[in-house]
Amino acid sequence: MPNRRHLLAAASLLLAAGGRPALAQARFNSLYMFIPAGPGGGWDGLGRAIEQVARQAGLVGTFQFENVGGAGGTVGLPRFVGQRRGRPDSLLVAGSIMVGATLTNRTPVGLKDLVPVARLTAEAGVIVVPAQSEIQDLKAFLEALKANPGGVAIAGGSAGGTDHITLGLILKALGHSAKDGSYVAFAGGGPAQAAILGAQVKAGISGLSEFAEQIKAGRMRALATTGAERTDPAVPTLKESGVDVVMTNWRGVFAPPGLRPEARQKLVDFITELHALPAWREMLKTRDWADAFLTGDAFTAFLAEDQAKTEAVLKEVGLA
Amino acid sequence: MDPISGLALGFGHALSLANLGWALLGCFLGTAVGVLPGIGPALTIALLLPITFQVEATGAFILFCGVFYGAMYGGSTTSILLNTPGESGSIITALEGAKMARHGRAGPALATAAIGSFVAGTIGTLGISFLGPVVVELALKLGPAEYFALMVLCFVTVSAVLGGSPLRGLTSLFFGLLLGLIGIDLQTGQPRMTLGVPELLDGVNVVLVAVALFAVGETLHLAWRHAGGEPEVRPVGRLMMSRADWKRSIFPWLRGSLLGFPFGVMPAGGTEMPTMLSYYAEKKLAPPEAQQEFGTTGAIEGVAGPEAANNAAAAGVLVPMLTLGLPTSATAAIMLSAFQSYGINPGPLLFEQQGALVWTLIASLYVANVMLVVLNLPLVGLWARILKIPQPQLYAGILVFATIGTYGISNSVTDLVLLYVIGIIGMFMRRFDFPTAPVVIGMILGPMAEQAMRQALTISQGDWLTFVTRPGSLAILLLAVAALLGPRVYAAMRRAPG
Numbered sequence: 001m002p003n004r005r006h007l008l009a010a011a012s013l014l015l016a017a018g019g020r021p022a023l024a025q026a027r028f029n030s031l032y033m034f035i036p037a038g039p040g041g042g043w044d045g046l047g048r049a050i051e052q053v054a055r056q057a058g059l060v061g062t063f064q065f066e067n068v069g070g071a072g073g074t075v076g077l078p079r080f081v082g083q084r085r086g087r088p089d090s091l092l093v094a095g096s097i098m099v100g101a102t103l104t105n106r107t108p109v110g111l112k113d114l115v116p117v118a119r120l121t122a123e124a125g126v127i128v129v130p131a132q133s134e135i136q137d138l139k140a141f142l143e144a145l146k147a148n149p150g151g152v153a154i155a156g157g158s159a160g161g162t163d164h165i166t167l168g169l170i171l172k173a174l175g176h177s178a179k180d181g182s183y184v185a186f187a188g189g190g191p192a193q194a195a196i197l198g199a200q201v202k203a204g205i206s207g208l209s210e211f212a213e214q215i216k217a218g219r220m221r222a223l224a225t226t227g228a229e230r231t232d233p234a235v236p237t238l239k240e241s242g243v244d245v246v247m248t249n250w251r252g253v254f255a256p257p258g259l260r261p262e263a264r265q266k267l268v269d270f271i272t273e274l275h276a277l278p279a280w281r282e283m284l285k286t287r288d289w290a291d292a293f294l295t296g297d298a299f300t301a302f303l304a305e306d307q308a309k310t311e312a313v314l315k316e317v318g319l320a
Numbered sequence: 001m002d003p004i005s006g007l008a009l010g011f012g013h014a015l016s017l018a019n020l021g022w023a024l025l026g027c028f029l030g031t032a033v034g035v036l037p038g039i040g041p042a043l044t045i046a047l048l049l050p051i052t053f054q055v056e057a058t059g060a061f062i063l064f065c066g067v068f069y070g071a072m073y074g075g076s077t078t079s080i081l082l083n084t085p086g087e088s089g090s091i092i093t094a095l096e097g098a099k100m101a102r103h104g105r106a107g108p109a110l111a112t113a114a115i116g117s118f119v120a121g122t123i124g125t126l127g128i129s130f131l132g133p134v135v136v137e138l139a140l141k142l143g144p145a146e147y148f149a150l151m152v153l154c155f156v157t158v159s160a161v162l163g164g165s166p167l168r169g170l171t172s173l174f175f176g177l178l179l180g181l182i183g184i185d186l187q188t189g190q191p192r193m194t195l196g197v198p199e200l201l202d203g204v205n206v207v208l209v210a211v212a213l214f215a216v217g218e219t220l221h222l223a224w225r226h227a228g229g230e231p232e233v234r235p236v237g238r239l240m241m242s243r244a245d246w247k248r249s250i251f252p253w254l255r256g257s258l259l260g261f262p263f264g265v266m267p268a269g270g271t272e273m274p275t276m277l278s279y280y281a282e283k284k285l286a287p288p289e290a291q292q293e294f295g296t297t298g299a300i301e302g303v304a305g306p307e308a309a310n311n312a313a314a315a316g317v318l319v320p321m322l323t324l325g326l327p328t329s330a331t332a333a334i335m336l337s338a339f340q341s342y343g344i345n346p347g348p349l350l351f352e353q354q355g356a357l358v359w360t361l362i363a364s365l366y367v368a369n370v371m372l373v374v375l376n377l378p379l380v381g382l383w384a385r386i387l388k389i390p391q392p393q394l395y396a397g398i399l400v401f402a403t404i405g406t407y408g409i410s411n412s413v414t415d416l417v418l419l420y421v422i423g424i425i426g427m428f429m430r431r432f433d434f435p436t437a438p439v440v441i442g443m444i445l446g447p448m449a450e451q452a453m454r455q456a457l458t459i460s461q462g463d464w465l466t467f468v469t470r471p472g473s474l475a476i477l478l479l480a481v482a483a484l485l486g487p488r489v490y491a492a493m494r495r496a497p498g
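Quick mapping for you: the protein sequence lines, in order, are chains A and B. Using this note's numbering, the letters of the first sequence correspond one by one to residues 1 to 320. Using this note's numbering, the letters of the second sequence correspond one by one to residues 1 to 498.
It is worth saying that the hints were derived from the structure and are not from the lab. Some hints here could point you the wrong way.
[As the list claims (entries may be wrong)] Partner residues are not named here, just some residues of chain A that face chain B (Cβ under 8 Å, in silico):
{"hint": "1", "residue": "G45"}
{"hint": "2", "residue": "Q52"}
{"hint": "3", "residue": "T74"}
{"hint": "4", "residue": "T107"}
{"hint": "5", "residue": "G110"}
{"hint": "6", "residue": "A147"}
{"hint": "7", "residue": "S182"}
{"hint": "8", "residue": "V184"}
{"hint": "9", "residue": "G189"}
{"hint": "10", "residue": "Q193"}
{"hint": "11", "residue": "L197"}
{"hint": "12", "residue": "Q200"}
{"hint": "13", "residue": "V201"}
{"hint": "14", "residue": "A212"}
{"hint": "15", "residue": "A217"}
{"hint": "16", "residue": "L319"}
[Stated by the list, open to error] If you want the footprint, here are the derived chain A segments under chain B, 3+ residues with CB under 8 Å:
{"hint": "17", "stretch": "60-71"}
{"hint": "18", "stretch": "95-105"}
{"hint": "19", "stretch": "155-164"}
[As the list claims (entries may be wrong)] The following label-pair restraints were derived from C-beta to C-beta distances:
{"hint": "20", "chain 1": "A", "residue 1": "R85", "chain 2": "B", "residue 2": "A32", "range": "32 to 42 Å"}
{"hint": "21", "chain 1": "B", "residue 1": "M193", "chain 2": "A", "residue 2": "R287", "range": "34 to 44 Å"}
{"hint": "22", "chain 1": "B", "residue 1": "A244", "chain 2": "A", "residue 2": "R287", "range": "52 to 62 Å"}
{"hint": "23", "chain 1": "A", "residue 1": "T286", "chain 2": "B", "residue 2": "R238", "range": "50 to 60 Å"}
{"hint": "24", "chain 1": "B", "residue 1": "A475", "chain 2": "A", "residue 2": "Q56", "range": "55 to 65 Å"}
{"hint": "25", "chain 1": "A", "residue 1": "Q56", "chain 2": "B", "residue 2": "M240", "range": "52 to 62 Å"}
{"hint": "26", "chain 1": "B", "residue 1": "E56", "chain 2": "A", "residue 2": "P108", "range": "43 to 53 Å"}
{"hint": "27", "chain 1": "A", "residue 1": "T62", "chain 2": "B", "residue 2": "G163", "range": "52 to 62 Å"}
Idealized CB from N, CA, C, for every residue including glycine.
All chains should be built: construct the whole structure from the sequences, respecting the hints.
The following block contains the structure:
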């Protein structure tokens, strides 16, 4: 819908017309930002945060956004790959959700068709129980899960997503098969949180930010986080508790296929410069995002590992 | 802060000139996007999100709430006038509303929708102010098993729209269930019946199907059967509600509001189920002479009840958002992300930590409600005049409007193809007397019921008895059985001698 986009572009121009002097040499006159999710979600939030910081710093003249949501990003992905092939001024925002979604949906177009530019943020997951639950700590939870994995109903996001993979990895670490668990998928954070708060399920797994307020208010009890290090000093990680599982919900940016190496390098340089800005630190802090900056070949290697891990779990559950 | 002093504080802030201005702007924008099919409040607020970088929090949220309430008012307008619902909550309104408009009663239909929205909005907002925390705790006690039972109850309401032939009606229902299956299955992540088309992975949009069957199907049918006839102009009739209209509307408004609000509060409730239940209830409760208008010339009860239920449910959605920080609709999710861009983390502590903001927001809901009814009642005359357009041009306009609106939902050509394919199916359904409403009901309820059932069974480890051993679920199921068999038993007893 060009109208709305133009309107939005015009509106953003108006907002920008405060006349901030260009602080740095503009790297792109305009940048096309493709979000394979609806407005208002996590990927959209990251895309618009990049816009805000890059424009204020004068790194990019104007941004053009397109949102094509649905099915963990797999609706928008083929469109981006098809329409932006070889275009050096395009970025797509995606993350770990898409890794699982491309595998479960068996889409012909996958992450392999994108050029990884940089990983920017990562969010640890958290395992919670309702405040009134008899499970007091991670040890009790793991024991219950080990004794009868089917009896511990666990709520989370859509099947095959990060939350589901995390449960699968935990079960494997406990010596069970990933498909032994009782995973209850909910559409969106609201209904999942409601099911946990109402003790309809025994426990829940999701991103820390989803549950943070409920934990703070004492309505849910955090048992463990899933990152490599503690996010909340009072809550242990799975890894330090003897369960060798590290799983984060990361988000990053990708370029379309068919780019020349120097065009890719230009995008990497742009994101590296953006990441170094004090305004980006500030943004990470207000949004409560953990910095997970990784570019180029290191990011590509991480991606391959993440994909292999996800695929192994999904195969075992019978979803891929 | 207790509700009374909270509201006093809130009105103090909300009645400032700047905040009244934001409310008015929001109401105006909301009414406009409500009228346009495809663009809903969620998308509008998402597009307005950049203003959160510039405007202070109170102003921005008053604007958003104005948009939210305004869209609920505007949503019924196109349902009634053009048989083109703009959002899923006003699909049921189109059933009787469009029939009333066709028989020269567009004015009263629009008026009862607007006043009903005001009544329901006010009752809903009172509910938010005084009952919110209590109702939400009760709603949390409902699990997937209870939701499944509620959906079974809603399936009973299909009988109200089946029409003369149960065989045809049930065929339509199953067509709807089939359409609802398309897309990725939530519990397994596997695509179903997508035929390799990536756009179908997310399922078929129910508003698209409603617009295709109601508006496009009807237009094509008219062009096919009545081509070459004299172009007739529909009567517009009197604009305001008569004394009888008021009398027939008051109780449906109240019943609809009381039905809608709790469904809105339920984390997996939504606006569709209460509109269906309200329609069914009004059809059963209407006096015999009004019952004959249902499905023929259009009964005002069938507009007043569901429209009130829709608005009260929309207000109810704000309860879990404000009291627990739970986003239970797309609009609520986007509003929560707006909270976050102010560094406010909405959660159970929101009322304590941001009391002034929350109460100002609630007070501005009352203000927006009054503004909307004042804004919308004079528009009734203007809107109704659309029907003075001669039919060929009017229907051409509807087709253009439906096409643009559908493209607006997702900017996808696939959706346009679907719109016309389903529209052509709708044309043949009309030709061969298949009712179209059961398709939409099946499509809404089918996937919801399926997911709730499978969630409940996963939790119970495959034990089907969970539906009858949980008291809440059992009670609702018994109610469904009573609703299904009650009228038949009653009729049989009256027929039986002695």
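Problem set entry | Index of numbered hints that the structure contradicts, given in increasing order | Numbers 5 and 6, in rising order.
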